[in-house]
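Number of protein chains: 2
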Amino acid sequence: MGERKKFRVIFQPSGKRGEIEEGKSVLEASIELGVGIESLCGGKQRCGKCKVKILAGEFSPFTEEEAKFIEEPERAKGFRLSCSARIFGDALIFVPEESLIQRQVIRKEIIEKKIELKPAIASYFVKLDPPSFNDLLSDFSRLQRALLDKYSHPPLNIDYPVLIKLPHILREGDWNVTVITWMDREILDVKRGESSELYGLAIDIGTTTVAGYLCDLRSGKTVAAQSMMNPQVLYGEDVMSRITYAMTQQGGLQILHKAIIDGVNQLAKIIIEKIDLSPEDILELTVVGNTAMHHLFLGIDPRYLGVSPFPPVLQHSIDLKARDLGIRVHPSANIHVLPIEAGFVGADNVGVLLALEPYKQEEIVLIIDVGTNGELVVGNRERLLTASCATGPALEGAHIEFGMRAAPGAIEKIEIDAETFDVTYEVIGDVRPMGICGSGIIDAVAELYRVGIIDPSGRFRKDINSSRIRWKSGKPEFVIAWGEETSIGREIVITQKDVRNVQLAKSALYAGAKLMMKRLGIEKLDKVILAGAFGSYINPKKAMTLGMFPDCDLKHVYAVGNAAGEGAKIAILNKDKRIEAEEIIKKVEYLELTIEPEFQKEFIEAIHIPHMNDRFPSLSSKVS
Amino acid sequence: MGERKKFRVIFQPSGKRGEIEEGKSVLEASIELGVGIESLCGGKQRCGKCKVKILAGEFSPFTEEEAKFIEEPERAKGFRLSCSARIFGDALIFVPEESLIQRQVIRKEIIEKKIELKPAIASYFVKLDPPSFNDLLSDFSRLQRALLDKYSHPPLNIDYPVLIKLPHILREGDWNVTVITWMDREILDVKRGESSELYGLAIDIGTTTVAGYLCDLRSGKTVAAQSMMNPQVLYGEDVMSRITYAMTQQGGLQILHKAIIDGVNQLAKIIIEKIDLSPEDILELTVVGNTAMHHLFLGIDPRYLGVSPFPPVLQHSIDLKARDLGIRVHPSANIHVLPIEAGFVGADNVGVLLALEPYKQEEIVLIIDVGTNGELVVGNRERLLTASCATGPALEGAHIEFGMRAAPGAIEKIEIDAETFDVTYEVIGDVRPMGICGSGIIDAVAELYRVGIIDPSGRFRKDINSSRIRWKSGKPEFVIAWGEETSIGREIVITQKDVRNVQLAKSALYAGAKLMMKRLGIEKLDKVILAGAFGSYINPKKAMTLGMFPDCDLKHVYAVGNAAGEGAKIAILNKDKRIEAEEIIKKVEYLELTIEPEFQKEFIEAIHIPHMNDRFPSLSSKVS
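Protein chains in written order, with the working numbering: chain A, 1 to 624; chain B, 1 to 624.
Careful: at least some of the hints might be erroneous.
Copies of the same chain look alike in the list, so a pair counts if it fits in one copy or across any two.
[What the hints assert, rightly or not] Below 25 Å or equal to it, Euclidean Cα-Cα: the simulated DSS-like pairs (lysine-lysine) are:
{"no.": "1", "residue 1": "Lys165", "residue 2": "Lys258"}
{"no.": "2", "residue 1": "Lys150", "residue 2": "Lys586"}
{"no.": "3", "residue 1": "Lys191", "residue 2": "Lys475"}
{"no.": "4", "residue 1": "Lys258", "residue 2": "Lys269"}
{"no.": "5", "residue 1": "Lys575", "residue 2": "Lys497"}
{"no.": "6", "residue 1": "Lys258", "residue 2": "Lys601"}
Quick caveat, the hints were computed from the structure, so don't treat them as lab data.
Using the sequences plus the hints, can you model the full thing?
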């Protein structure tokens, strides 16, 4: 057949991915994968609208036509015209907002808690007496004295780069300066005259998505936010494949470490530019992430996380200089990495707990942090249990035929008419659909079950007649959107395999939660909270219909958005919460599900929709 | 006349320097300046014995002949054959020990005090329990627990580079490791198994000479020592000219900073190799130096030290990571820079005080730290006064016609027969002389005065007849060694200008000391201590004959060697002494001599030998 070689291509920030034939243009690949790249001239290298930034991969050489639209320094940064660059290797491609047919929408967080403002960063304006023969104090001692006199501030250390510039700043500022301190123990910067802006950046490193929140440390407000795909995706979809990459590839750890550092730098740059700040304005970062992301961000070899009994290298929080990690913000900025709980229950879950505070509550709660790696917490202020389960990325839209991130063009809500099997759906960004995101996928499977197209085992029923049910090489699929409705010119379908992947993911969560309840002797949950960036969009009823978690009064099942990121924000705005985080990790008990003898049995029972044996009284009264 | 251009050439480590005509070979220059470079073939590029290392300057291109003797990596390091490399610009040349006709001798320190051993660096051997499902502590917490269990050691921070390697070291060492800590608060290193060696390096950065002492932190012994010329000499002989260079030259500060960092690295390397250590074995450095050297070492702009009222930028001690300063020892090593007193009375003087402890004694002492920048301390435990005076480098052998460092070939002692004017001298290294070092110069001027060749004003008497007294273009000089006695084939003489330079230097010291005594209301000194590397070789009687300091019983005038370096050693061996150093700078009162109205008058009176008015009762009874 002489079939052409295929390469793996991933587009950022949408996360759309697939196998693309050698020699196809990036624009062709984008159409095939449903990434909406603008192209007014129709791929004739004439409009220059389809610019993309190459993050990794091999491509055809830069052409003269491209040079007309892409000049230095853009060229040096890897910009290409997507109609011109042809693919000759696995590729990671970033589509800038201006090249997207539909621009990215920023969705509001569902909860934004009022956080008591107590940042680690503070600033003090002081007027110094200039030196004289009667007052020969050194510049630094002079500064200390002024801080003592005006603010009764005890002695401080000074970060070395600040010391170097201190004499100049003092004199240029005519001895009036603003001192910026960290934790009341170190001087991070000294600025001429009076200066009042203080910013911090909270970062949530997910296996698939990295989110950043720029916080004004004076008002406590989040002034800009942005998310992007974790660039490590190119080296493995999930935690285990990244660990394997670090273990088996020459220089793998360094490649993964550099990928996330570069990614955070890129994210920080985009966020900073949104409100016209400079990198030096960012004085602190807080970072959360699961244990593997935590280790890779710090450059710590994660190989032992992959080997029983999976101990982390570092559990407690750590403070580092931005310059030591190569993060391009203020060189003296502190990076506070939150502690991790145990095994794969990482700093992201600590962030979730900080945000939701189950350790202060009487009610029994189940918190599900849905992501590529699912994390579970069950309990209340008496006792808290935590566990991790490998759900895989299906609930985030990956490994699903038409799955995509929750980006414009994604179908996020689906209803199927029980009689006609007609489909109603909602699309993010109010445009024509190009794929289905996590919440849409859960909706789809729950609805397919509700209307009887699939049976409790997840199999498509063979006895149903509908133009929407098609059989391809003996495998069934259900058409969610017809070709003429979509922006990709093809039908968007849910396949038997998609249903199976969703079942595997949801049964891991269910089995984990149930085992934890057993351990705590809990019969019934008072509350179920869905955390995680995409958890916000999950319809609680549909998720319970699917059997994603044990029964609970639906009034008390709700989503809270990216609670891990919220925890990172809490930690940047209130330093006392960092101590609270350390206390959390002492309190929370970790359950290693992989060594629980009952796990396999529970898992198999939970593959059924909603469950092989368990009942859902809260559901039966509400579902038709 | 078509006179050739001349360039300034300085040889290390001897410090010999002079103006050399363009195009002359390095070997020719070395002969002219009295640097003993080995050359068996007589400069025919055949023996390869005359290798030198070019530190700076422009030279003729590398030749094929040289390539026969100098291969990579030596060539890349700047090695040349001195008979082949011709001079085409100002040059700084290092003559390695193996190329010297006479090898460097290491002289013993005069005092080596017993220092209580209490280093900041400690090591702990621990055996850890490997992780299991019942014991899922992180690697770092596991290490902390072992330290707590075995040594009751409170929690420690861990330096970031150590954290990165921790998981590997623990497993490679089969969970048996040695933990190296700093100040009981940070882990600097973790080594496989049991490891017992701990080393620190004490560094004294003088304006002209940098000295390093490698200390075994277990025994307290100095196991290796080395000194070298401060490479900044190329950019200015004294403190003020260096400050001017930093202020006026583009990138001057960075050039000077890099020069001393490179210099310390070079010195550390030589010392480390002496006892076959690797740079990673050095876990801490203590550094002393005058205020300008202190600032330049830290990369702090010294320009404000040159502008009234001369405040330093930093007075207190500071601890830095070696990697932050680019010092190539253990990357986590701490660099403790001792505090400075005030103005030009720097960390070197703090070192002197730590070594001599005048603040604990009843007797009134005058401490003279003789160097390019002279520092004075007068007082006792009641009250201590300190001051700085610019003596210039004459007392170290610079700006003296045949002056040189106290290296082999230097005349260090001189006696002149009162009747015949015959000269007896002693040479360092017991070889033929090539110059005169500081102590020899003081001897020479004192003896010229004692035998009546020069009068109290320092002028050569015109009425004395001796073949040793010669007049050149109307200017007198005295022959110390005849051409046939020397290794340079020429006479070694003391000129009228040399005498004048010594007078200016000694009168600055005398005037300073006298003013300080006045301030304290002191009539008579109980003790005079000569500190500074070359102070050890000064003959106290001759120095008093010259009038270098006020009268004192000669029994109580003595030299102590490099007390500043001794102070650095004390600080590396005993961390409590660092706190004592901070107390010293609070106690010592600084006197700014340049603004003392009487200084000029005292200075002029002290130019006379021994003094215009003051008497020396202690001397008159002993000097013939």
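So, going through the hints one by one against the coordinates:
Taking CA atoms no more than 25 Å apart as the test, Lys165 paired with Lys258 passes between copies only; the shortest distance there is 17 Å, against 30 Å inside one copy. Only between protomers do Lys150 and Lys586 lie at most 25 Å apart by alpha-carbon distance; the minimum there is 22 Å, versus 40 Å within a single protomer. Neither within a single protomer nor between protomers do Lys191 and Lys475 lie at most 25 Å apart by alpha-carbon distance, with minima of 67 Å and 59 Å respectively. In this homomeric assembly, Lys258 and Lys269 come within 25 Å of each other (Cα to Cα) only inside a single copy, at 16 Å, whereas the closest approach across copies is 32 Å.
For a Cα distance limit of 25 Å, the shortest separation of Lys575 from Lys497 qualifies neither inside one copy, at 47 Å, nor across copies, at 68 Å. Taking identical chains as interchangeable, the C-alpha atoms of Lys258 and Lys601 are never at most 25 Å apart, the minima being 41 Å within one chain and 67 Å between chains.
In terms of the numbered hints stated before, the structure departs from hints 3, 5 and 6, listed from lowest to highest.
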